[in-house]
Amino acid sequence: MIRLVSRALVVLLAAVVGCSGARRVDGLDPSSLPPDLRADYEVFAHRCSKCHTLARPLDSGITNDQFWRIYVTRMQRMPGSGISDSDVARILRFLRHYSAEQRAKKAAS
Amino acid sequence: MRALVVLAIVLAMAFATVLALIARPAAAVERNFAGSAMADYHLAPANHSSRSTAFDGFTTELALKAAIDVSDRFSASVKVCYGCHGFELPMAHLDYRFGTAVSLRVGRFSPSLGAFNLRHDPANHRLSSKPLIYDMGRMLRMREWNLGVLPSPFPDNGAELSGTHWIGETVQVDWAAYAVSGFKSDAQGIDLDWQRSRTPDAYYVDNNHRPAVGARVVVTTKLGETSDLTFGVSAQHGSPDAASKLRYTFFGGDLTLRIRRTNVRVEYLGRRQTFETSDPTQLAYRVAGARGDFFVKQGLYAEIEQPLSGAVDLVLRYDFLSRNGNVQAGSPLSHRSAIHRGTVGFTYAIERGLRLKASTETWHFTDEDHRGRQQAVGFHLGLVGTF
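Protein chains in written order, with the numbering used here: chain W, 104 to 212; chain D, 3 to 389.
Certain hints may be false.
Claimed, not checked - Listed next, the in silico DMTMM-like pairs over lysine to aspartate or glutamate satisfying Cα-Cα at most 20 Å (straight line):
(1) D:K247 - D:D195
(2) D:K247 - D:E278
(3) D:K67 - W:D162
(4) W:K208 - D:E353
(5) W:K209 - W:D168
(6) W:K153 - D:E278
(7) W:K153 - D:D195
(8) W:K153 - W:D139
What the hints assert, rightly or not - Residues from chain D shown here face chain W by an in silico Cβ test under 10 Å; the list is partial:
(9) A103
(10) V221
(11) G234
(12) R249
Derived from the structure by calculation, the hints contain no laboratory data. Every residue, glycine too, gets a C-beta built ideally from N, C-alpha and C.
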């Protein structure tokens, strides 16, 4: 029984890694972003994934720039965040772009 | 004294509310709702005695949170959870920020203790089970062990002052100091009673007049654009019984290294706890000398989290938990008991906010169960969603 479950898990893992390939599910595909925002996105992706997945900010539904400013400074003050003031500026630059895209998507639908 | 503490908390909350309302008109209020849900199936196939003292089968955890920013300085958060022990209120607090660096938090929250608690939400940590030192019901033999050193989360009522300071652009220093109600002991005064400590049945009111106090200091160094090293120490000291005769002290240290998308974490947590000795028949061993009235429960975990592809993360974890000292009469534990656990797990992101978690755990107990077994194995398969 134990051996069976262990084997099933290994096979499942191999299948899942194999099938998922280069699909970037957790964050965004940087090549889909304007070139001048890619480096800012990388700062966001690194700093905002330390304590939770990127789904937290990307699927939060927040599209208001002022709210993002408050939110990012709140996360900056989490112990061990490693988010410096210059990171905040870069993260907000990416989030402004992302929010504008989300707002446009909402308006279109 | 208890009335004074309650009054101080109420006054602090009222003060923060007034300050915030003066600081900004109500039109500036922003609200955000967030949540997570996890259903996990735990299979402990071979060890029937462990199964009788573990939640094997399905468990579900649900968390809903509202964060309200009244102004730049003032915010409120409320979180409701549904888990193995029904609905609970792990978060209902106000935060007020003085200047850029110092914040006051009052209400109900988990005080700053250890590193893991920030990631305790099942949507935040990658395995189905928490590290053994923080276990809240997914360990085998959980009743004998009375769970981990400190089941996470550990919401409590009180006030916390905290600060974040940067030295240049590379070193971040965080500190926190707090006073909260503290944990409650069981009826015999032998160990902490986790359910009594957080049940709403007692209206979240303290059982003694003495608040528990604690502090945490964390230093983070940026090693590069995409790597950093975090080191933290924390402690909490309190009195768990109504007469404030007994004492507990938590102490811990933690280290997190991030290199690109790889996370390496090592965390130690210990608890020294004095217990009631007036009735020796309650205890398994004779209490001898000054060393007889306390036990030490401690442990550590070391884990590595490694993305294998855009959708799959691999997690390897080693856990150790030990308990040294007298035990309650009739307990299957000895005066020196330990557990070693190895975990291999992975998560698969079906889509960004939805993950499959699978893991295998191998257990080694230094104590034999009634069938003479010391080994066990467990499997978890869970689905977790963030929204």
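Violated hints - listed by number, lowest first: Those not satisfied are hints 6, 7, 8, 12.
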